[in-house]
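**Q** In case you want the letters, here they are:
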Amino acid sequence: MGLVTDNLPGALLPLPGGGALLTAIDQVVNWSRANSLWPLTFGTSCCAIEVMMATGAARHDLARFGAEVARPSPRQADLLIIAGTIVKKMAPRLRTLWEQMAEPRYVIATGSCAISGGPFLYHSYTTIRGADEVIPVDVYVPGCPPRPEALLYGLLTLQKMIREGTTLARPGEVRKPVLAALPDGMTLHQVRAEIAELVQETATVDRAAAATVGASYASASRV
Amino acid sequence: MATSLLPVSGQALDAQSLVAKIQKLCPAAQLRPDCDRPAVKVPLAHWPVLAQQLFASADLLFDLLETHTAIDWVQTGQIELVYVLTSLQCGHHLTVFVDVARDNPVAPSLCAVWPIAQWQEREVFDLFGVHYTDHPDLRRLFLDDDWQGFPLRKDYADDFMLERPS
Ligand code: SF4
Numbered sequence: 001m002g003l004v005t006d007n008l009p010g011a012l013l014p015l016p017g018g019g020a021l022l023t024a025i026d027q028v029v030n031w032s033r034a035n036s037l038w039p040l041t042f043g044t045s046c047c048a049i050e051v052m053m054a055t056g057a058a059r060h061d062l063a064r065f066g067a068e069v070a071r072p073s074p075r076q077a078d079l080l081i082i083a084g085t086i087v088k089k090m091a092p093r094l095r096t097l098w099e100q101m102a103e104p105r106y107v108i109a110t111g112s113c114a115i116s117g118g119p120f121l122y123h124s125y126t127t128i129r130g131a132d133e134v135i136p137v138d139v140y141v142p143g144c145p146p147r148p149e150a151l152l153y154g155l156l157t158l159q160k161m162i163r164e165g166t167t168l169a170r171p172g173e174v175r176k177p178v179l180a181a182l183p184d185g186m187t188l189h190q191v192r193a194e195i196a197e198l199v200q201e202t203a204t205v206d207r208a209a210a211a212t213v214g215a216s217y218a219s220a221s222r223v
Numbered sequence: 001m002a003t004s005l006l007p008v009s010g011q012a013l014d015a016q017s018l019v020a021k022i023q024k025l026c027p028a029a030q031l032r033p034d035c036d037r038p039a040v041k042v043p044l045a046h047w048p049v050l051a052q053q054l055f056a057s058a059d060l061l062f063d064l065l066e067t068h069t070a071i072d073w074v075q076t077g078q079i080e081l082v083y084v085l086t087s088l089q090c091g092h093h094l095t096v097f098v099d100v101a102r103d104n105p106v107a108p109s110l111c112a113v114w115p116i117a118q119w120q121e122r123e124v125f126d127l128f129g130v131h132y133t134d135h136p137d138l139r140r141l142f143l144d145d146d147w148q149g150f151p152l153r154k155d156y157a158d159d160f161m162l163e164r165p166s
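In the order they appear, the protein sequences are chains H and L. Just so we're aligned: 13 in our numbering is position 13 of the first sequence, and the numbers increase by one with no gaps anywhere. Just so we're aligned: 22 in our numbering is position 22 of the second sequence, and the numbers increase by one with no gaps anywhere.
Simulated from the structure, these hints should not be mistaken for laboratory data. Please note that the accuracy of each hint is not assured.
Unchecked claim - Lysine-lysine pairs mimicking DSSO-like chemistry, simulated, CA-CA at most 27 Å apart:
| id | chain 1 | residue 1 | chain 2 | residue 2 |
| --- | --- | --- | --- | --- |
| 1 | L | Lys24 | L | Lys41 |
| 2 | H | Lys89 | L | Lys154 |
| 3 | L | Lys21 | L | Lys41 |
| 4 | L | Lys154 | L | Lys41 |
| 5 | L | Lys154 | H | Lys88 |
Can you build the whole structure from these sequences, using the hints too?
**A** As structure tokens, this is what we get:
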């Protein structure tokens, strides 16, 4: 078992020769569910490698949160991680897999593609615009691809939602954090200019500073 | 000169002698100078014979059809078939371009020369609607069987596609 992110809810009463735990069954059940999520890894494109597999591997180590038991079988999984583009031909398969999972089941959508269609939103003849057009999604992890840390954060968010009992109760409900339209008074042109400015700023390298950082790394690795 | 990662038994030809050899086999083949690898344009009528020769002739030995795809030129009314060939035995590469008419895109299948062409031709059929004669199993590959139209053609449109707001 991995890192348990909070204690079992309840009160422990010390008694002679042992103790008694006062708690609610619901809380114990939710607590254990949250700490032993078994993911069904539904990877269809780049996000599968960049996020899902990287998170499961040694450096980021999903096992720390009790969610390392990746199941290719929907019957044995309770968390569906959608990592990648969903196309028209894949959508019914995704729906089938989700329907085959036993309740309670949770869904995390990682990456722009699974959230909204991402880079394939326009002029695509086949990309589904978000996995939530097909199945209900609990947690969205944005990015193209997201960092593995982002998926860990999404997992912790889901654990919190399970403990609080706020995961999606009704299939078909969509809580989309992505705005389909730009906010009032903002144009695509402005957004692009802003991004260009940020990219310019972060892409400028201060060579002198970089040299000192490099030197400090080099000396640190010698120690 | 192109290099191969695999053990090489034959003699790799440089671009000039490769193209010269091919033009000797098929005088109608023209050099495409705008490519970074040796590339020739071949008229459709000569292509099946030349393909067989590329595969079999002792100093060319193109044993691998690396990829086959197409380009849709709407303005000129042509679909340009692209064959990327490699010789694992000699270590040289060649790209062949063949034009077919856009309104009647029929080309001979090369399954008999390179069996892998079965899959690649199915993909080009699926997305560009090129028909290959003598293909044993020309069905849709990536799209649903009942799909209408060929989505990688430049004039393809359907109700599902979204226009980008300006
Ligand atoms: S969101 Fe980006 S990285 Fe992820 S599957 Fe889509 S294109 Fe690939």
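**Q** Evaluate each hint against the coordinates.
**A** Hint by hint, here is what the structure shows:
no.	hint	verdict
1	Lys24/L - Lys41/L	holds (14 Å)
2	Lys89/H - Lys154/L	holds (22 Å)
3	Lys21/L - Lys41/L	holds (14 Å)
4	Lys154/L - Lys41/L	holds (22 Å)
5	Lys154/L - Lys88/H	holds (20 Å)
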